[in-house]
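Student: One-letter residues, chain by chain:
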Amino acid sequence: MCGIVGLLVKNPNMRANIGELMLPMLIGMTERGPDSAGLAIFGAPVSDDERKFSLYASEADFNWQKLAHDFLTHLGSKVVSFNQKVNHAVLTTHLDPETVKIWLHEHYPQVHLLAIGQLMDIYKDVGTPAEVAARYDFSQLTGSHLVGHTRMATESAITPAHAHPFTAGQDWCLVHNGSLSNAPSLRRKLQHEGIMFETDNDTEAACRFLEWRMREGDDLKTALEHGFEELDGFYTLLMGTKDQLALVRDPFACKPAVVAEHDDYVAIASEFRSLAHLPDIKNAKVFEPSPKEMYVWKV
Amino acid sequence: MESIKYDLAKTPLREVNQFLHSDASLLNGKHIEIQNPNGAHNIAVGLKSEAKVLVHGHAGYYAAGMNQIADVTIEGSVGAGVAENMMSGRVHVKGFASNAAGATAQGGLLVIDGDAGLRCAISLKGADIVVGGSVGSFSAFMAQAGNLVVLGDAGEGLGDSIYEARLFVRGKVKSLGADCEVKTMGPEERKILVDLLSRSGHSDVSPESFTLYGSARTLYHFNVAKSGAY
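Residue numbers (our numbering), protein chains in the order written: chain W, 3 to 301; chain G, 143 to 372.
Since the hints were derived computationally from the structure, they do not count as laboratory data. As the structure is a computational prediction, the values presented were derived from the model and not from experiment. Take the hints with a grain of salt, since some may be wrong.
Stated by the list, open to error - Which chain W residues face chain G? A few, computed with CB under 7 Å, are given here:
hint, residue
1, A70
2, F274
3, R275
4, A278
5, D282
6, E290
Glycine included, C-beta positions come from ideal geometry on N, C-alpha and C.
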């Protein structure tokens with residue numbers, strides 16, 4: 003199954019409460035995805051020459067202080083900030099992504115690099131949505147938009163790395179409800195292009211495919227049109243970029259989605275029960291997005 | 143008229159549904175209102191008395207599924223499978239309905255004021271369905287008996303592998319499914335359409351504006367000349 007949620011807050015006064023508004027949405031999708039949960043939040047950007055690196059280590063007692071210390075010693079670069087929450091840490095630095103990636107791979111291969119960007123932080127872990135949300139203080143998050151997911155694994159293992167959102171490139175993420183039947187062939191095709199994979203998850207194949215298309219010059223719309231041709235299976239995909247949320251459903255609409263558009267916000271969920279609590283929902287325009295059509299909302 | 147009110151924010155759905163399954167002698171003629179449905183699944187499923195149920199808000203999956211005799215109105219939208227396998231009675235959705243509305247329904251009337259999603263009236267077995275808006279692709283797939291009336295448009299593959307159901311569509315049909323074709327609307331079919339329009343609050347709509355679709359009956363028997371295609 004799996005549940006997806008997305009929230010884009012148009013009213014600037016409500017952005018400080020985006021975490022609180024979202025929490026019942028994510029918890030509302032527990033029955034659809036009880037084994038893991040994750041979230042990408044787009045908050046205040048770091049400065050132009052800085053990047054945020056969302057890191058994850060599976061060991062509960064991982065020595066983050068040592069990693070921060072080693073990073074500083076080896077690369078001589080000033081770490082702008084280092085915020086750690088349980089198994090996750092967000093490292094902000096002036097260094098370019100490739101240098102950081104190579105350094106992590108050489109010195110801390112057990113640490114997963116979940117995301118790179120100027121606005122986006124990612125948290126994902128195993129446990130019920132309520133447990134994961136409590137572990138990472140989701141209710142305290144602030145920002146303009148977010149993408150969340152609750153997972154019921156059907157095709158690959160239950161680990162934090164297999165949880166959604168998946169990311170590729172910078173400030174771009176994707177969550178998926180459904181299953182792809184041609185993920186292995188898609189992976190082989192992308193591997194020929196020199197694209198590396200972190201997991202054997204089918205969604206990661208879709209994520210890296212779309213990011214690859216956009217790197218090759220497609221805009222999001224054209225990349226998704228290529229996606230309709232290449233992706234075989236069932237999917238509702240919700241994507242987050244630095245300033246927009248985008249939604250598509252497969253041509254057979256096998257997987258659900260409901261949208262609520264309100265003057266203050268746009269909210270997306272697999273089912274209405276995750277939207278029912280939102281403020282003034284009675285006056286929102288609630289609709290079911292059509293299959294094979296792209297919906298985009300800008301911040 | 144006596145009205146019994148339930149608030150799903152306070153009372154568990156199972157308790158409400160168990161009450162709705164009470165002996166018919168307790169429920170016949172009663173009005174039951176359900177507040178705060180908030181998209182919950184399985185609201186008012188399996189009813190079998192002459193009760194009138196009014197749901198204030200949006201319902202989730204399988205709302206009023208397997209209905210018999212009862213009259214259920216949902217003020218908002220519904221998720222997948224509304225009135226699935228309905229046997230009799232009436233289900234009225236004032237908003238939109240998601241996929242597979244009225245799937246396999248054998249009797250009764252399902253009225254949807256808004257749009258219906260994909261596979262509306264799939265495997266219809268005798269019920270009547272009137273959709274005020276449009277229906278999605280693959281609607282009335284393998285529909286065996288009953289009537290589907292669509293005031294708006296229909297998506298791709300309408301009536302694929304249809305048996306003896308009648309499909310009345312006022313708007314455009316994106317494409318017809320295998321073995322579905324345009325039929326001439328005779329007086330008998332017209333009477334059925336007029337009756338359904340009147341019972342679903344659309345008596346102002348002209349029956350002449352509809353096209354009737356049905357089975358070409360070429361798939362009824364194995365055709366040896368086409369054996370290579372099977």
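Student: Next, verify each hint and record whether it holds.
Tutor: Now for the hints, and whether the structure bears them out:
1. A70: violated (45 Å)
2. F274: holds (3 Å)
3. R275: holds (3 Å)
4. A278: holds (4 Å)
5. D282: Interface hint status for D282 of chain W: violated (14 Å vs cutoff 7 Å).
6. E290: holds (6 Å)
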